[in-house]
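**Student:** Chain by chain, the residues run as shown.
Number of protein chains: 2
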Amino acid sequence: MANITKKVSWSSRTDESGAAGEDTPLLNGSEPPRRSRQDSLRARPKEIPHNEKLLSLKYESLDYDNIENQLFLEEERRMGHMNFRCLEISRWVICGLIGFFTGLVACCIDIVVEILAGYKYKEVKENIEKFTEAGGLSISLLLWAVLNSAFVMVGSIIVAFFEPVAAGSGIPQIKCYLNGIKIPRVVRLKTLLVKVFGVICSVAGGLAVGKEGPMIHSGAVIAAGVSQGRSTSLKRDFKIFEYFRRDTEKRDFVSAGAAAGVSAAFGAPVGGVLFSLEEGASFWNQMLTWRIFFASMISTFTLNFFLSVHHNTPGELSSPGLINFGRFDSETMTYNLYEVPLFIAMGAIGGLLGALFNFLNYWLTIFRIRYVHRPCLQVMEAMLVAAVTAMVSFTMMYFSNDCQPLDSNSSEDYPLQLFCADGEYNSMATVFFNTPEKSVRSLFHNQPGTSSPLTLGLFTLTYFFLACWTYGLAVSAGVFIPSLLIGAAWGRLCGILLASITHSSDSMWADPGKYALIGAAAQLGGIVRMTISLTVIMMEATGNVTYGFPIMLVLITAKIVGDYFVEGLYDIHIKLQSVPFLHWEAPATSHWLTAREVMSSPVTCLNRIEKVGTIVDILSNTSTCHNGFPVVVQVANSDEPAKLCGLILRSQLIVLLKHKVFVELARSRLTMRKLQLKDFRDAYPRFPPIQSIHVSQDERECMMDLTEFMNPTPYTVPEETSLPRVFKLFRALGLRHLVVVNDENKVIGLVTRKDLARYHMGKHGLEELQLAQT
Amino acid sequence: MANITKKVSWSSRTDESGAAGEDTPLLNGSEPPRRSRQDSLRARPKEIPHNEKLLSLKYESLDYDNIENQLFLEEERRMGHMNFRCLEISRWVICGLIGFFTGLVACCIDIVVEILAGYKYKEVKENIEKFTEAGGLSISLLLWAVLNSAFVMVGSIIVAFFEPVAAGSGIPQIKCYLNGIKIPRVVRLKTLLVKVFGVICSVAGGLAVGKEGPMIHSGAVIAAGVSQGRSTSLKRDFKIFEYFRRDTEKRDFVSAGAAAGVSAAFGAPVGGVLFSLEEGASFWNQMLTWRIFFASMISTFTLNFFLSVHHNTPGELSSPGLINFGRFDSETMTYNLYEVPLFIAMGAIGGLLGALFNFLNYWLTIFRIRYVHRPCLQVMEAMLVAAVTAMVSFTMMYFSNDCQPLDSNSSEDYPLQLFCADGEYNSMATVFFNTPEKSVRSLFHNQPGTSSPLTLGLFTLTYFFLACWTYGLAVSAGVFIPSLLIGAAWGRLCGILLASITHSSDSMWADPGKYALIGAAAQLGGIVRMTISLTVIMMEATGNVTYGFPIMLVLITAKIVGDYFVEGLYDIHIKLQSVPFLHWEAPATSHWLTAREVMSSPVTCLNRIEKVGTIVDILSNTSTCHNGFPVVVQVANSDEPAKLCGLILRSQLIVLLKHKVFVELARSRLTMRKLQLKDFRDAYPRFPPIQSIHVSQDERECMMDLTEFMNPTPYTVPEETSLPRVFKLFRALGLRHLVVVNDENKVIGLVTRKDLARYHMGKHGLEELQLAQT
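Top to bottom, those sequences are chains A and B. Here the first sequence stands for residues 1 to 774, numbered as in this note's numbering. Here the second sequence stands for residues 1 to 774, numbered as in this note's numbering.
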């Protein structure tokens, strides 16, 4: 959509593989990418050119495939039945802890936001009331805007300056992580802290955001932390759960954490499990699913329990999630067959509006990548948005003359009288002068007639643009609640219009809450396009399965309509980050491609017993930066392929070099300590760079025996294998490197994630993305 | 648990592989299995010995792996973007049809059962009322027993004599199918017809059975039929959907069918999707999940619509499934934190009772396999059970003096007065003199006090044994409803006891319906042990997510407790059938086994250009009956392994032989028609046996070129690969044959499903099952 780029040749270099290409991939067809990166380090240019038809080389893959080397197999074979049972119990304990801490974090966020927002709205309300009569409401507006901006400034500063990866909802990042991509710093403790404080600030700052999306990210970070039994940031190692210090196990726990996050956010444990499976799992393992389910359950339960204590009703398990849609009573709110076409139509509207939202946000994000990339600019933009939000809300309330009688059992927390008569309140304030969660609930449950069509229409319009502007700011915040709010507003509007068209105030048409729910589902579906998990989340959040069927219909329609125009919001942001994301299947028309054409070659191979100097040189070669090296029997001639006998990773070689596991040819150093799996686990996941390891000239002459450490049975494919077949193997097993061999088992290439992610279906058939060091 | 058997040597022969072993696996360590099979064909012995530590060789695998041979690739490469889009649309259309027909079948079953059962109960009720005063109730009993037996006789005869695979709920068979095992005749039209009529007869016959399980099987058969666009039984080919005539596509549709079945049975579309994924998918594909979801939706919608028409309330979508738990109102039925331990305790009881049920049924099934294997015996047993059920029910009602006042808005369809005063009815008759679905609903929703503890206790006891005796009869019937009914009865009993202990008739303890629901979940979980799908099914059937959390807790507890004693009911029956079922993961302690030890060898290989006579001889060898043959470059010496270049299946060779795709060495027959994919698709899935193909002596001398037809890129593993690694590859990709090669890419063995299914965790660590021709 943006720039048009030239295709790079097949053998472009990747940082995953040991394949060395001759040609350098070009950024925008003109400038070598490495120079541009160095430039950007020296002095940030005013405009950063961006091209979404690129795949970034800076993202590495997770290894979902176990490295079954001799050390690993020996350990596994030593372990008895009881050991495995203990491990299984530890897994359950960890999942329980993940759920507990996720619930706790959600609870903290909820309570702190409640207190802060309560303080803010109270102050502003008093101020407004003071100045309504006297005139001079501009002072109230100023107070409100300043309070908002102050909160948002704090939230934005910590995100922009300390941990930019904590920006946004975190769902795209977690999607990528579960897809098998290592996003730097995404599951660190610091990210969690910034995320939690950031989301509190942005919600309290009155932005058009929700605190639900960030919960998913928070859950994932908690999972990554708890499951490793240590914190690298805090330099504490509890010496527990050491068995789980590898990507395979960690990723399983992160799935559980993400599910626990969804569960805490929406009170939807089943929805959480489905979310994790939908986003993460190319596999489905029953025990894993159980554990994810367990974590989700504990999470919602913990949140529920602590919130009930906070609300002085301990033991009353009525608030399972951060957002609570309130009770939809199945008696009063039924639907009928002839309403089904209406629901479908609303789904289509949701799809259209969602596509518009995504499209606007796409351009905005492109603009931000180009021009708003300095932290101070980002903070200023966030503050501006906060001030504008306050200003727009205030203006809307000021000019609205939709007054409603103040009911004693109304759900209004901060009813604003403004220019209404005594005993009445401003209806526009219901939706603007409130936290978004409460506004959603009012739209679902307020009695018919509590807001005029004009109020709802104006609200939809302004909030749509505010939410669109807000998503992508350097603050930690989610898009679920704003989407629901927009949808609920126009859904309620539809309901009111329908009732007025049919002139039947007592029929079922008259209940605008039902249409608000359907509208909310349609809008959310149109923006994020999640599927079956979203249905279940909505179903669980309403606490009523009666609406399961219409919600499904609406979501499917919204997805079909929306997909026709533009992708889902998360997918757009993933694409803009040039992440090598692997979809479910290879493009349909890619059967004409074979492994031979897809793979990177020639490959940098290592011998089974290799000179230390050679290894150091290969690892130090910054122009290739390979991560996996096939081990071959003997490289006789560098042009001729040699027989494959294993695969070794950069991280393993680094550990070997660090521990100086060398074999001196002259006198064999028998005192050498035997390396154990523990050494690899201790170094995981932050392996030192090769530059930090000193290898003397003497040592360079030593040899290293890789036999014990390499994976002796890497997965291989013959060179004639079609791309869909390669893709299927790669995706189903979560591989990082797939060796391509000829019919004599000799290495001729290596397929990595980027080689596969390059191909995607464009408007005009199969397209190929460029690889670049962005 | 039964006989103890000797282990067979590693190289035992399998019917899947091209591997030829020298030794014959022994049945019970004494008798060659093939002779015993021939014996059984000649004259059925009085007692059939059974040993569950066997894996039967009669089950073949489905090929979930596409055969990407030249023909296939050429076709795929010819197809443009639009063709793939059309295919995708066809898939959606098929899923819609599957859902529609499944809903229709469910609707038919429901209506016919309602009519028949209504007729029966009316007759018997009139008869009882006539004789209650006059004395001579034994005539009523006789009438009831004869009516029941008559219905059951019809149902049992069609099952036992025409289609034994239609017996039972069909869920174990569908589990196996989705696991990748070809159960003979399981998805045929005849099976569907027998299933549908059978279930109508057995439910109308008053057996302790449900009609929900069979719906899952019915959905699967419908899916298999619709997706192929033809019926082999009816000899009609509609010439549509020809692309889908292979195992990969068919299995996907069968998943959708099973989900549609669950959806129609319980009104649980999400639960249906989860069921299919839990049982079937070793993969998770988003588009597939969507389609499954769509089929489920259409299915429940169709059922709902037609039932609403039948009930003269068209358009009122209130009965989404065959079983309807009725409305659980969230206002009156809440639960509190201190009830959670109670729920867990009830889960444990459910687990214990479920284990007892399964254990009794296990011994009964062993007994049946040994002694009740003749169809006429089976019919007689079924009739006996029907008569006994009537007799027991009658006795219970006769001796019960639990009379309840007859309420005008009571849900009783056939209130029996018996010896109660006028205006009262017999409470025992509520549960016995009714279809099981309605009894479940009464137990959930009747007012507190409608049945005495004694009634409930006696009912639980008798129904438990009746249901246990019934499951496994040669009738088509499910175990869901009886389980729910038993659980609801003792759950309600628990509720009543709790209320009487706490002496608080007005507190929430007093609502026995809540405990009935929890008890039903616990009992069902204890018997079938399904997990997350069952939670969602229960949640959707109650139409209320408030109970989601307690139901989860109960199901988890029931599963943990039950698994401690004995497996789930379906797993027991799968095991008793000696099916080579692959679980989620390889046994934990199997890392010491490698592909070399697991594989079958030596392997019967074919040359790329092979003599027709050789092929015919290999295929005709009934003692091996191999299904897949590695194609090698040249077998120089049969002892030395040759280089792998492809894999070909028996079914493909049969088609090639049938179409005489020979190359005559002397004069090249250029007029030969080029074989197309269509020829293979037309022959699918009932490939003729080799005996039916006549090959003349001349033709035997011809050669056959396999290059175009073999899969040139079969998946391979090196011989040192550990069993878990082999297992993971095999399971994740749904393979049928996995070639084991040495480091020169030469074939040294073949791993098939049975080689992997042989290893399982027993009480004393890893155990190995025997292979036999049972």
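No lab work stands behind these hints, which were simulated from the structure alone. The reader is advised that the hints may include incorrect statements.
Mimicking DSS-like on lysine-lysine, the simulated pairs with C-alpha atoms at most 27 Å apart in a straight line are [claimed, not checked]:
1) A:Lys-643 / B:Lys-746
2) A:Lys-643 / B:Lys-643
3) A:Lys-746 / B:Lys-190
4) A:Lys-643 / A:Lys-575
5) A:Lys-678 / A:Lys-53
6) B:Lys-643 / A:Lys-746
7) B:Lys-58 / B:Lys-190
8) B:Lys-674 / B:Lys-660
9) A:Lys-575 / A:Lys-53
10) A:Lys-190 / A:Lys-643
Cβ-Cβ distance ranges computed for the label pairs, FRET-style [stated by the list, open to error]:
11) B:His-310 / A:Met-761: 18 to 28 Å
12) B:Tyr-398 / A:Glu-88: 18 to 28 Å
13) B:Pro-448 / A:Pro-341: 42 to 52 Å
No residue lacks a Cβ here, since even glycine has one placed at the ideal position from N, Cα and C.
**Student:** Against each hint, give a clear statement of whether it holds in the structure.
**Tutor:** Do the hints match the structure? See the list:
Annotation: proposed proximity of Lys-643 (chain A) to Lys-746 (chain B) holds, straight-line Cα distance about 13 Å (limit 27 Å). As the CA atoms of Lys-643 (chain A) and Lys-643 (chain B) are separated by approximately 14 Å, the hinted pair is consistent with the 27 Å bound. Taking the CA atoms of Lys-746 (chain A) and Lys-190 (chain B), the gap is about 52 Å. The hint is violated against a cut of 27 Å. For the suggested pair Lys-643 (chain A) and Lys-575 (chain A), the alpha carbons sit about 38 Å apart, so the restraint of at most 27 Å is broken.
Pair hint Lys-678 (chain A) plus Lys-53 (chain A) does not hold up; C-alpha atoms about 42 Å apart against a cutoff of 27 Å. A distance of roughly 13 Å separates the Cα atoms of Lys-643 (chain B) and Lys-746 (chain A); the hinted pair therefore holds under the 27 Å criterion. A threshold of 27 Å between alpha carbons decides the hint, and for Lys-58 (chain B) with Lys-190 (chain B) the separation of about 21 Å falls inside it, so the pair holds. Taken as a hint, the Lys-674 (chain B) and Lys-660 (chain B) pair is honoured in the structure, with Cα atoms around 11 Å apart against an allowance of 27 Å.
For the hint linking Lys-575 (chain A) to Lys-53 (chain A), the alpha-carbon distance of about 8 Å falls within 27 Å, and the restraint holds. Between Lys-190 (chain A) and Lys-643 (chain A) the CA atoms are separated by roughly 45 Å; this puts the pair beyond 27 Å, and the hint is violated. The given range of 18 to 28 Å is broken by His-310 (chain B) and Met-761 (chain A), whose C-beta atoms sit roughly 46 Å from each other. At roughly 52 Å, the beta-carbon separation of Tyr-398 (chain B) and Glu-88 (chain A) lies outside the given 18 to 28 Å, and the hint is violated.
For the hinted restraint 42 to 52 Å between Pro-448 (chain B) and Pro-341 (chain A), the CB-CB distance of approximately 43 Å keeps it satisfied.
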